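Residue numbers (numbering that gives the first Met the number 0), protein chains in the order written: chain A, 0 to 545; chain B, 0 to 302.
Hints listed in this document are in silico derivations from the structure and should not be mistaken for laboratory results.
The structure displayed is predicted, hence computed values, not measured ones.
Hints may contain errors.
Claimed, not checked - For the chain B half of the interface with chain A, some residues (derived, Cβ under 7 Å), not all of them:
{"hint": "1", "residue": "Arg68"}
{"hint": "2", "residue": "Tyr70"}
{"hint": "3", "residue": "Ser74"}
{"hint": "4", "residue": "Asp250"}
{"hint": "5", "residue": "Phe264"}
{"hint": "6", "residue": "Ser267"}
Stated by the list, open to error - Straight-line Cα separation of at most 16 Å, EDC-like style, residue types lysine to aspartate or glutamate; simulated pairs:
{"hint": "7", "chain 1": "A", "residue 1": "Lys227", "chain 2": "A", "residue 2": "Asp35"}
{"hint": "8", "chain 1": "A", "residue 1": "Lys75", "chain 2": "A", "residue 2": "Glu434"}
{"hint": "9", "chain 1": "A", "residue 1": "Lys408", "chain 2": "B", "residue 2": "Asp60"}
{"hint": "10", "chain 1": "A", "residue 1": "Lys336", "chain 2": "B", "residue 2": "Asp67"}
{"hint": "11", "chain 1": "A", "residue 1": "Lys91", "chain 2": "A", "residue 2": "Asp138"}
{"hint": "12", "chain 1": "A", "residue 1": "Lys408", "chain 2": "B", "residue 2": "Asp67"}
{"hint": "13", "chain 1": "A", "residue 1": "Lys397", "chain 2": "B", "residue 2": "Asp250"}
{"hint": "14", "chain 1": "A", "residue 1": "Lys314", "chain 2": "A", "residue 2": "Glu434"}
Positions of the beta carbon are idealized from the N, C-alpha and C atoms, including for glycine.
If you want the building blocks of each chain, they are given just below.
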Amino acid sequence: MLGKRPWKMAAGAAAIALLAAGCTGGGSDDSEDSADSVVIGIVEPQHLVPSNTTETAGSQVLASLYYPLVTFDAKKQPVETAAESITSDDNKVWTVKLKPGFTFHNGEPVTADNYIDAWNYGAYAPNGQGGSYFYSRIDGFVDLQAKDPDGEEGPQKAPAPKAKTLTGLKKVDDTTFTVTLSAPFAGWKAVMGYNSFYPLPKAAFSAPGVLAEGFEDAPVGNGPFKMKGKWEHDSEIKVERYADFKGTAPKVNGITWKIYQDQQAQYADLVAGNVDVQTQIPLESLASASGDLGDRLQRSPNSSFQFVGFPTFLKEFQNRDVRRAISMAIDREEMTKQIFLDSETPATSFVSPVVTGYRPNSCGEFCVHDPAKAKQLYTKAGGPSEIRITYNTDGPHKAWVDAMCNQLKAALGVNCIGVGEPKFSDMLTKVKAREPVGLIRLAWVMDYPLMESYLGPLYSTTGSSNYYGYSSTAFDNLLAQGSAARTPQEAIKKWQQAEDILADDMPVIPLRFGQNVYGFSDRVANVSVDLFRKVDIYKIELVAGK
Amino acid sequence: MRDPGVVTGVAGPAPAADRPRGLAGDAWRDLRRSRTFWIAAVLVALFLVMAAFPALFTPADPRACTLDRQYDGPSGTAFFGYDFQGCDTYARTVYGARNSITVGILATLIAGVIGLVVGLAAGYLGGWADAVLSRVVDVVLGIPFLLGAIVLARRLSQNASDDGVLAVVLTLGLLGWTTAARVVRSSVISAKNQDYVAAARMLGAGPARLMMRHILPNSVAPFIVVLTVLLGANIATEATLSFLGIGLQGDAISWGIAINESGRFVRSAAAPLVWPSVFLALTVLAVIMLGDAIRDAFDPKLR
Numbered sequence: 000m001l002g003k004r005p006w007k008m009a010a011g012a013a014a015i016a017l018l019a020a021g022c023t024g025g026g027s028d029d030s031e032d033s034a035d036s037v038v039i040g041i042v043e044p045q046h047l048v049p050s051n052t053t054e055t056a057g058s059q060v061l062a063s064l065y066y067p068l069v070t071f072d073a074k075k076q077p078v079e080t081a082a083e084s085i086t087s088d089d090n091k092v093w094t095v096k097l098k099p100g101f102t103f104h105n106g107e108p109v110t111a112d113n114y115i116d117a118w119n120y121g122a123y124a125p126n127g128q129g130g131s132y133f134y135s136r137i138d139g140f141v142d143l144q145a146k147d148p149d150g151e152e153g154p155q156k157a158p159a160p161k162a163k164t165l166t167g168l169k170k171v172d173d174t175t176f177t178v179t180l181s182a183p184f185a186g187w188k189a190v191m192g193y194n195s196f197y198p199l200p201k202a203a204f205s206a207p208g209v210l211a212e213g214f215e216d217a218p219v220g221n222g223p224f225k226m227k228g229k230w231e232h233d234s235e236i237k238v239e240r241y242a243d244f245k246g247t248a249p250k251v252n253g254i255t256w257k258i259y260q261d262q263q264a265q266y267a268d269l270v271a272g273n274v275d276v277q278t279q280i281p282l283e284s285l286a287s288a289s290g291d292l293g294d295r296l297q298r299s300p301n302s303s304f305q306f307v308g309f310p311t312f313l314k315e316f317q318n319r320d321v322r323r324a325i326s327m328a329i330d331r332e333e334m335t336k337q338i339f340l341d342s343e344t345p346a347t348s349f350v351s352p353v354v355t356g357y358r359p360n361s362c363g364e365f366c367v368h369d370p371a372k373a374k375q376l377y378t379k380a381g382g383p384s385e386i387r388i389t390y391n392t393d394g395p396h397k398a399w400v401d402a403m404c405n406q407l408k409a410a411l412g413v414n415c416i417g418v419g420e421p422k423f424s425d426m427l428t429k430v431k432a433r434e435p436v437g438l439i440r441l442a443w444v445m446d447y448p449l450m451e452s453y454l455g456p457l458y459s460t461t462g463s464s465n466y467y468g469y470s471s472t473a474f475d476n477l478l479a480q481g482s483a484a485r486t487p488q489e490a491i492k493k494w495q496q497a498e499d500i501l502a503d504d505m506p507v508i509p510l511r512f513g514q515n516v517y518g519f520s521d522r523v524a525n526v527s528v529d530l531f532r533k534v535d536i537y538k539i540e541l542v543a544g545k
Numbered sequence: 000m001r002d003p004g005v006v007t008g009v010a011g012p013a014p015a016a017d018r019p020r021g022l023a024g025d026a027w028r029d030l031r032r033s034r035t036f037w038i039a040a041v042l043v044a045l046f047l048v049m050a051a052f053p054a055l056f057t058p059a060d061p062r063a064c065t066l067d068r069q070y071d072g073p074s075g076t077a078f079f080g081y082d083f084q085g086c087d088t089y090a091r092t093v094y095g096a097r098n099s100i101t102v103g104i105l106a107t108l109i110a111g112v113i114g115l116v117v118g119l120a121a122g123y124l125g126g127w128a129d130a131v132l133s134r135v136v137d138v139v140l141g142i143p144f145l146l147g148a149i150v151l152a153r154r155l156s157q158n159a160s161d162d163g164v165l166a167v168v169l170t171l172g173l174l175g176w177t178t179a180a181r182v183v184r185s186s187v188i189s190a191k192n193q194d195y196v197a198a199a200r201m202l203g204a205g206p207a208r209l210m211m212r213h214i215l216p217n218s219v220a221p222f223i224v225v226l227t228v229l230l231g232a233n234i235a236t237e238a239t240l241s242f243l244g245i246g247l248q249g250d251a252i253s254w255g256i257a258i259n260e261s262g263r264f265v266r267s268a269a270a271p272l273v274w275p276s277v278f279l280a281l282t283v284l285a286v287i288m289l290g291d292a293i294r295d296a297f298d299p300k301l302r
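Could you build the full structure based on these sequences and the hints that come with them?
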């Protein structure tokens, strides 16, 4: 009988290992080298070039490296920070005056040229910057674009655009420049708070209009923190205080942006004290989080909006009654209560309650749970017998996607499968390749506190995050009319009409509005997470003696 | 089932005295008296029936889940209560047997066939064929199993739109045959040098007859044992792969997936994690016990 025991032991051990693997914390290395810096968890940023950063993680890191022209007060009104003043008489020509004395981390003074060069780079279509959408209001933007004669997929290359610089950007003197818009826009000052409007130092360019290689791995900014070392992909980004910074001084000497692929592992690190701030507690840990963290678990409103989109190339969803029926089959209340433990609220509008112009239930009857009516409509419209929902597994989505699938199965009598992709970009790659992904899981955090931020980027034909390819001339027109309106009230009226078109068309299904449910370690205090889901890096401080 | 302690009466073995018992007959006689064998066999049979006809065990639909029963306690036919999504834990555990066991058996068959062919060829032919085949075995054995499985499973499941059973089966089969090949090779080498093989050869037996009639039957015992161990290991590995998210995909139900999903919510409810784990552990244990008993019976020298 000798020699057979080890096998049994191995089998038993394998079963135990499976159980134990559920709670691996991830042996983090010691980050004790800088005791006066804080560790904040993020996911891997896609880019760290200001004009190419459109997601929260990159935006969060850039917020520590750059100082914006404006920031937002408690009433969501823009107030000048890096700018001395931003003025306009006609909402068309805006004069930006910079505060003097600011320098980049490499010692270069910050001048009007730095803004103009950076924005020109971002707007020039061949550079392929994800945030170029933000410059589209500036006069001359169309001349920096080039229409690909046979579409993006075609073999022919797009011709070079007519111009390389925006005619709307004019330098007045070293600290003053003007921005001329192609049409008046009352909300322009707020738009300039977004990270696409950060300046770039001369050192960022190897030649005029050519970004220096490797700049992205160690961006040089004008903000309170500078890079310490390089961006260590999938691991961490370290920043330390920039001594010559003239703006609002932060209270910590450095920040380590620690990159996680698994939110559960991050939570385990938070409880163990290896990470100081987690901006979103994973769903699975919500039930136990108040016990784990006590009053270090907090909530604040945010601007996030969770929804699923229908890629327009999928034939089976082209009938809008199919889309409406799917929306009506979803019980949003039940989902937010049972899955999210009320950490999110049901969304029955396309814009978030945090912006002026929000109307409850703008989606109307199609966002009201009514399984019987949904089934009737779905059958009549000939909806597909199988629905797929594609989501990224590096976010906490599986639980609610499965729950939504179960709701669709029960209400519509269809088969429903949740398909996980490792990263969000993997999902987008599949969408671009026109694979049968089914519904795609998406979310949005506003760029500036205007209703338009929930409409333009997501649904306009040229929108930067219009991944599903929605296009409506009526919508585009109303959006443009709203943006051109003289007063905010007029603008909101037009934008609300545009939102009504969405409610009618249902290119996406609104699901939930978010809250920041964040936790922090006992080393830090004054932690606040803003509407943009970013930690306020100017307020956070270390607790003495910890 | 007979009381294993009681030796069979006169009526049983009497006719057998005329004819000498073969290897299999001998083994069966031993097995019948082994308590381990019977326990393992009953368990294995139970799980096989569960895999083939899950509806016999539960009338519930494992895919009918509604959030309003989230974490509800045991009731009616839902002996183990409900999980986070409001699915019947018992039904999902029962239905999970099919994928887990199918993957285990198919992967073991693939590994067994490859291992047997390679081992026989290497052992019997010897010379350069042995050298080449043994190096191939070394190379495959040199691939770290989990790493190889992750790469292979992801690669294979990329094109598949199914639930990933085929990808997992191929992954486990293609990576798991090496031990079988080595065992078969070594026992073939030791068998082919036996006197009775030499005798058969001198009497004019060809290679095919030698292999099928004399060498294979005498080297099959360790092979069977390796396969049963591999079967248990494969079932556990499917769970590992599914746990890592690269195994079965979509809405497939398996013990590995159940363990993966409920592990995250273990602090809210433990039952959806515990039961699939118990079923998994029992199956693996039963198969391995069965393998042990069979080996003991076939190879009395090892006792």
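For this session: Assess, step by step, whether the Cα of Lys408 of chain A is no farther than 16 Å from the Cα of Asp67 of chain B, and give holds or violated.
Result: holds (15 Å)
For this session: Measure nothing beyond the straight line between the CA atoms of Lys227 of chain A and Asp35 of chain A; if it is 16 Å or shorter, mark the hint as holding.
Result: holds (14 Å)
Problem set entry | When the least beta-carbon distance from Arg68 of chain B to chain A is tested against 7 Å, hint result | With a closest approach of 10 Å, the Arg68 of chain B hint is violated.
Exercise. Is the Cα-Cα distance between Lys408 of chain A and Asp60 of chain B 16 Å or less?
Worked result: OK: Lys408 of chain A and Asp60 of chain B at ~13 Å, within 16 Å.
For this session: Measure nothing beyond the straight line between the CA atoms of Lys397 of chain A and Asp250 of chain B; if it is 16 Å or shorter, mark the hint as holding.
Result: holds (11 Å)
Exercise. For the hint on Ser267 of chain B, does the least C-beta distance to chain A fall short of 7 Å?
Worked result: Holds. Min distance 5 Å.
For this session: Please verify that hint: Ser74 of chain B, Cβ, nearest Cβ of chain A, below 7 Å or not.
Result: violated (18 Å)
For this session: Sort out whether Asp138 of chain A lies within 16 Å of Lys91 of chain A, counting only the CA atoms.
Result: holds (9 Å)
Exercise. Hey, does the Asp250 of chain B contact hint survive, CB to chain A under 7 Å?
Worked result: For Asp250 of chain B, the interface hint holds, since the closest Cβ of chain A sits about 5 Å away, which is under 7 Å.
For this session: Below or equal to 16 Å on CA atoms is what counts here, so check Lys314 of chain A against Glu434 of chain A.
Result: holds (12 Å)
For this session: Using 7 Å as the Cβ threshold, decide whether Phe264 of chain B counts as touching chain A.
Result: Check passed: Cβ of Phe264 of chain B comes within 6 Å of chain A, closer than 7 Å.
For this session: Go through the hint on Tyr70 of chain B and say holds or violated, using the shortest Cβ distance to chain A against 7 Å.
Result: With a minimum Cβ separation of about 9 Å from chain A (threshold 7 Å), the hint on Tyr70 of chain B is violated.
The structure is inconsistent with the numbered hints 1, 2, 3, 8, although it conforms to all the rest.
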